[in-house]
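This is what each chain is made of:
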Amino acid sequence: MNRIDATFARLKQQQTRGLIAYITAGDPSPDRTVELILALEAGGADLIELGVPFSDPIADGPVIQKAGERALRAGTTVAKILDMIRELRRSSEIALIVFSYLNPILRYGFERFAKDAAQAGADGALLTDLNVEEAGPYLEQMRKYSLHPVFLVSQTTPPDRLRVLSQSSAGFVYLVSRAGVTGERDRVSDQAVRLIEKARRVTDLPLAVGFGLSRPEHMRALAPYADGVVVGSAFMRVVEQNLQAPDLADKMRDLAAALKAGLKVSE
Amino acid sequence: MATTTAALPDALGHFGPYGGRYVPEILVAPLDQLEAAYRQAQADPAFQAELDDLSQRFAGRPTPLYHAKRLSRHLGGADIYLKREDLLHTGAHKINNCLGQGLLVSRMGKKRIIAETGAGQHGVATAAACALFGFECIVYMGEEDMRRQSPNVFRMRLMGAEVVGVDAGSRTLKDAISEAMRDWVANFETTHYLLGSALGPHPYPMMVRDFHAVIGREARQQFQELTGGLPDILLACVGGGSNSIGLFHRFLGDESVKMVGVEAGGRGQALGDHAARFSGGSPGVLHGTYSYLLQDDDGQIALTHSVSAGLDYATVGPEHSWLHDQGRAEYVSCSDEDAVEAVKLLSRMEGIIPALESAHAVAEAVRRAPAAKGQKFLVNLSGRGDKDIGIFRETLPDLG
Chain V
74 MNRIDATFAR LKQQQTRGLI AYITAGDPSP DRTVELILAL EAGGADLIEL
124 GVPFSDPIAD GPVIQKAGER ALRAGTTVAK ILDMIRELRR SSEIALIVFS
174 YLNPILRYGF ERFAKDAAQA GADGALLTDL NVEEAGPYLE QMRKYSLHPV
224 FLVSQTTPPD RLRVLSQSSA GFVYLVSRAG VTGERDRVSD QAVRLIEKAR
274 RVTDLPLAVG FGLSRPEHMR ALAPYADGVV VGSAFMRVVE QNLQAPDLAD
324 KMRDLAAALK AGLKVSE
Chain W
6 MATTTAALPD ALGHFGPYGG RYVPEILVAP LDQLEAAYRQ AQADPAFQAE
56 LDDLSQRFAG RPTPLYHAKR LSRHLGGADI YLKREDLLHT GAHKINNCLG
106 QGLLVSRMGK KRIIAETGAG QHGVATAAAC ALFGFECIVY MGEEDMRRQS
156 PNVFRMRLMG AEVVGVDAGS RTLKDAISEA MRDWVANFET THYLLGSALG
206 PHPYPMMVRD FHAVIGREAR QQFQELTGGL PDILLACVGG GSNSIGLFHR
256 FLGDESVKMV GVEAGGRGQA LGDHAARFSG GSPGVLHGTY SYLLQDDDGQ
306 IALTHSVSAG LDYATVGPEH SWLHDQGRAE YVSCSDEDAV EAVKLLSRME
356 GIIPALESAH AVAEAVRRAP AAKGQKFLVN LSGRGDKDIG IFRETLPDLG
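Protein chains in written order, with this note's numbering: chain V, 74 to 340; chain W, 6 to 405.
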């Protein structure tokens, strides 16, 4: 069973929601990433989105943009990221998807990527700017190597298209909770819950919500509705503020624990 | 009017394998909405009539076709003709597209316009269109470009635009487009992205080309009236590729007419020293489209260099990639140095100071002309050089 499916099945039994932690691979340096993922897992993260840094991240706000710049300066490449996943698998079975803009994966090659990512121990991938109309060759390779493709759905996605996107996804569907780029916001968007309800009507897949979510109260607000909540910029801000700090991993673990505490459902 | 051009793109915006749409999911619906509004306007004679009227009375169309006799005699070969898009209001061909999109937006009911600009010509044309239609106008511009094209920054502000400096990457056109897209992702409900070249996600490459196709339609007719025939070669500079596709489009069915696109050869052939996508790049995805792209082995976008801010960009409009692969158009590059020499030559021979972008096309015509006796070249002089005076001062210190 794919680790993503196993994770959402377990969460359902435990009556808790999934904490999905995004982290830019290679920030502050490629040799720290596995340690940080293990810290997130220790804090309670259920699924990792491992971000491939890209030179021109048009969907990201300043925190993740800067994380990507640091990671690229530190020499991070797709091949090195797959090495990180191999190393992680020696000590962890946490579900993990590769989160990337299209061009680095296109350059690496869809077949080579799917084959190498599956062999390294990844469970799926999400390509931010690969629209489903253009995704045929990618989906073919993902299915061939039993990796889960995940697509984004937004508030502007009409119901027919939402159906196509969820049928093309496996493991879960990622709902973008608000307009704009990634980054922490004060409040949960009113759109978020409406979008979850809209998606429930067309798919049985687990639903994860992301963009702008960073605090325990955001987790509590969404826990009654979503199956998982994605947090990215808040984690990368901790990295940014603790680049040289010896206890960076502890701080990542503590933030994960605080967020996860907000995701318990009392029914 | 009879049209003999291929009916591309397809319904999903493809030119062969190129083009298409590669954007954050939230932009798919706004792009669909834009495409629907554009197709509706295109089919509406009232829209075309209004656009023609503005093009004539506001922008100054038709632009002349001019036989550069002294330059031709000096080179001793081909006869060189210039399509004078530099005489348009705001100083370049860019206004064709800004009036078209501006009119479209006034029908769509949005009131806020964002745009990117490299050399500032698209920014100035956008600012003028926004003043004309009464839209709020925000222009993103790389800080390096703001420095080297400062007269245009001032022009935009004078017409009421807010110019936002972008301090990321190489601080040039690529980074300005990325920032404009981030704005659009957040504000698409109220805001139209007035993209300034024939690139980006579908429908932009098609729509921007269509608004500039007037260049080739006029030039073809004028050329026949003036010479009784068609040109042998078309030459135009290619940054994103809007002035070149505008010139080429009407001639695509004329098999005897060769087409040459001139990219920025910059200061050398190493990655990072030029913007020659066809000789130095390979297909990839940037800013929503699949096209030839300057990238490194890991798929990261390469930095680019050109003396000309308008050609200083890592990818190219997808229709050019298709014309390149089909062998229908040829793409060459011209160095910074040769472009500056072409500015000097055209200025002295004809009393016309071209923009550094357009000077790349002039330079290629100058290179080919001596060996092409009896041929007729049509060069798109896409913009005027007033904006480049600061750069000329740096590169031509002997003029004081």
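Since the hints were made in silico from the structure, they are not lab data. Just so it is clear, the structure is predicted and the values come from calculations on it, not from any experiment. Ideal Cβ positions, reconstructed from N, Cα and C, are used throughout, including at glycine. One or more hints might be untrue.
Simulated restraints on C-beta separations [said to hold, decoys possible]:
{"id": "1", "chain 1": "W", "residue 1": "Asp-49", "chain 2": "V", "residue 2": "Gln-86", "range": "20 to 28 Å"}
{"id": "2", "chain 1": "V", "residue 1": "Arg-83", "chain 2": "W", "residue 2": "Gly-332", "range": "52 to 60 Å"}
{"id": "3", "chain 1": "W", "residue 1": "Gln-53", "chain 2": "V", "residue 2": "Pro-231", "range": "51 to 59 Å"}
{"id": "4", "chain 1": "W", "residue 1": "Ala-12", "chain 2": "V", "residue 2": "Lys-337", "range": "42 to 50 Å"}
{"id": "5", "chain 1": "V", "residue 1": "Asp-277", "chain 2": "W", "residue 2": "Ala-34", "range": "54 to 62 Å"}
{"id": "6", "chain 1": "W", "residue 1": "Arg-152", "chain 2": "V", "residue 2": "Gly-209", "range": "39 to 47 Å"}
Covered stretches of chain W (in silico footprint by chain V; criterion: 3 or more residues with CB under 8 Å from a CB of chain V, positions within the stretch not fixed) [to be verified]:
{"id": "7", "segment": "216 to 230"}
{"id": "8", "segment": "244 to 252"}
{"id": "9", "segment": "285 to 294"}
{"id": "10", "segment": "332 to 345"}
Part of the chain W face toward chain V, derived, beta carbon under 10 Å [as the list claims (entries may be wrong)]:
{"id": "11", "residue": "Gly-21"}
{"id": "12", "residue": "Tyr-27"}
{"id": "13", "residue": "Leu-92"}
{"id": "14", "residue": "Ala-319"}
{"id": "15", "residue": "Glu-399"}
{"id": "16", "residue": "Asp-403"}
**Request:** Please name the hints from earlier in the document that this structure breaks, with their numbers sorted from lowest to highest.
**Result:** 1, 3, 4, 5, 7, 8, 10, 11, 13, 15 and 16
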